[in-house]
Amino acid sequence: MSARRVVGLETEYGIIRPSMPRANATVLSAQIVDSYAQLVREGAGQVRGTRWDYSEESPLADARGYQVERSAAHPSQLTDMEPAEQPGMVWTAESVALDAGDARVGQALYREEYASDVVMNMVLGNGARFYVDHAHPEYSSPEVTTPHDAVLWDQAGDEVLRRAAAHNDQLGNGVLQLYKNNTDNKSVSYGAHENYLVPREVEFSALVSVLTPFFVSRQIICGAGRVGRGMLGNLPGFQISQRADFFEAEVGLETTVNRPIINTRDEPHAVWDKYRRLHVIVGDANLGQISTLLRVGTTNLVLSMLEAGCAPQLELIDPVGALQQISHDPTLRATVALRGGKRLTALEIQRIYFEAAASHCAKTGADDPATEDILARWEGLLDDLERDIFSAADRVDWIAKYRLMSSYTQKHGVGFDDPRIALMDIQWADLDKQKGLYYRLAARGAMDTLFDEAQINQAVLTPPTDTRAYLRGMALQRYADHVVAANWDALSFSVPGARKLNRIYLTEPLRGTRAEVGALFDAEMEIAEFLDSLPPRL
Amino acid sequence: MTQESFSSRKQQQGTEAEQEFTQAQGSGTEAGVDDLLDEIDSVLESNAEEFVRGFVQKGGQ
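Chains as they are written, first to last, in this note's numbering: chain P, 3 to 540; chain Y, 48 to 108.
Hints listed in this document are in silico derivations from the structure and should not be mistaken for laboratory results.
None of these values were measured; they are calculated from a predicted model.
One should not assume that every hint holds.
[Unchecked claim] In the EDC-like style, the derived pairs of lysine to aspartate or glutamate whose C-alpha atoms are separated by at most 20 Å in a straight line are:
no. : chain 1 : residue 1 : chain 2 : residue 2
1   : P       : LYS188    : Y       : GLU97
2   : P       : LYS435    : Y       : GLU92
3   : P       : LYS413    : Y       : GLU77
4   : P       : LYS188    : Y       : GLU92
5   : Y       : LYS105    : P       : GLU250
6   : P       : LYS437    : Y       : GLU97
7   : P       : LYS413    : Y       : ASP88
8   : Y       : LYS105    : P       : GLU256
9   : P       : LYS437    : Y       : ASP85
10  : P       : LYS413    : Y       : GLU86
11  : P       : LYS437    : Y       : ASP82
12  : P       : LYS435    : P       : ASP419
13  : P       : LYS188    : Y       : ASP88
14  : P       : LYS188    : Y       : GLU96
Using the sequences and the hints given, assemble the complete structure.
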């Protein structure tokens, strides 16, 4: 029993070009990724990047045991192809420019001389992936083994985006503003996904039954807060979650339409018959470090109980309705109906999961520091939420935002329907540290943190040491010229004089660590010798 | 196209509208918040209404 587990976090960022309100979002996203690619090419700070290898992707495999036909899939589900290869989308510099509805964007972005060389998708020297996902720039963190490291490499992603925006500006391509949020309040949502490695033998139906009440209630400890209710945000009020109103199903494969609380994508990016990758799409993107920590740490504990067969068995009568009822009540008094006639608050549901986790950890002697820290913080937070929600404003994103807005409404005698409150909701998530309200508040010491700027800057450049991300990231740092493609579970090298590419498979997420291959990097070998020295199977 | 489909939940909006929006009461502000509130009008984008209207994203995952 432990809060440790192989985890990776993905963030799709909101993006605008203020001087051009109707600029095409995909173009802007390509522009930000390409700016970072140029920064990398210039060799700034030893950041290295390479192109993405799509050959191992299988986004249409369903964890319930079948494969969706390509023809039946929503085009946005075809994430295993370069956007250029997708049906009905010929991705040339010209079409990008035309699609923008404004040729100036295209010309500024894709000048003829490097029109064929726009980078849409790259792997970074810290082991992360940075790419254009639909109409958003997305950072997918490297694989880590603790909730604390998940926070660190997630925060590093925010810094990658900031550097990309700054470089874009330096290149004379104009100002792009980036937002770590999940909705524009105009019917549209974009995700912050979590990925958890789970043994294949865990029944998917058990994941669904145990995780549904947990995810429905988890938002009270890590929601990001949102002004307005409904997908259009047209109903007044403040709610706990950015994402809750965009969910319509309990279980399903889709992530862009008819979103399910439990996503069934079965694409482990690892040995298929040993592992599942639980793909969680119901969470909010967090700026706050403690909110991210608890989002991942408590989920790890619940998965651990599930694997041991001792997780609480609760059944909500209407999970989608409950997700929204809980989100819509920042007083935390809303109760939701369970099978068997009981009604519980989100706090009571969280308390049940916490008590079970604490007692299971006590029984099995789980006393590693990461697990102890998560249990202590989870309990302390539930106690605080019970007493006075604002006492948790230094740790929980939605409460920090809600407190700032409530104080503003009181000071100015306005309501939550004031346009300045709607603006604060957006600007809360602005990644620019001078403008973003989260950062302004954090700079005043009002937010509890785990990592400082120096540590985050370091994680922009270096991979975690205890997963395969180490081998991936280090290969890019040391042998960038030879890495022709990379993805989560493979690396392809070109070796001078060799006719074929040398492909290394990384299907075990806990292989390729510093303990295993660090000495090979330290030895500073030529590429051929390095590849020969790697263990034959990783 | 990755735009949302929001038709199926539209019918529910009637009932949601009838719900009261309850605002939490509590120990309001601390120094950091008061500080930020004092300068917030110089930090916020200049035309709130226009900015909010112009913040349009395409659907994602």
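Do the hints match the structure? See the list:
Restraint check: the Cα-Cα separation between LYS188/P and GLU97/Y comes to about 14 Å, which is no more than 20 Å; the hinted pair holds. Proposed proximity of LYS435/P and GLU92/Y is supported: the alpha carbons are some 14 Å apart, at most 20 Å. A distance of roughly 14 Å separates the Cα atoms of LYS413/P and GLU77/Y; the hinted pair therefore holds under the 20 Å criterion. Note on LYS188/P and GLU92/Y: the hinted pairing holds, with a Cα-Cα distance of about 19 Å set against a maximum of 20 Å.
The straight-line distance between the Cα atoms of LYS105/Y and GLU250/P is roughly 19 Å, inside the 20 Å bound, and the hint therefore holds. Our distance criterion of 20 Å between C-alpha atoms is met by LYS437/P and GLU97/Y, whose separation comes to about 17 Å. Between the alpha carbons of LYS413/P and ASP88/Y the distance comes to roughly 12 Å, so the proposed pair stays at or under 20 Å and holds. Between LYS105/Y and GLU256/P the alpha-carbon distance is near 17 Å, which keeps this suggested pair within the 20 Å criterion.
Under the criterion of a C-alpha separation no larger than 20 Å, the hint pairing LYS437/P with ASP85/Y is consistent with the structure, at around 15 Å. Between LYS413/P and GLU86/Y, the direct Cα distance comes to roughly 13 Å. Compliance with the 20 Å bound is thereby established for this hinted pair. Taking the CA atoms of LYS437/P and ASP82/Y, the gap is near 15 Å; set against the 20 Å cutoff, the hint holds. Taken as a hint, the LYS435/P and ASP419/P pair is broken in the structure, with Cα atoms around 26 Å apart against an allowance of 20 Å.
For the hint linking LYS188/P to ASP88/Y, the alpha-carbon distance of about 25 Å lies beyond 20 Å, and the restraint is violated. Under the criterion of a C-alpha separation no larger than 20 Å, the hint pairing LYS188/P with GLU96/Y is consistent with the structure, at around 14 Å.
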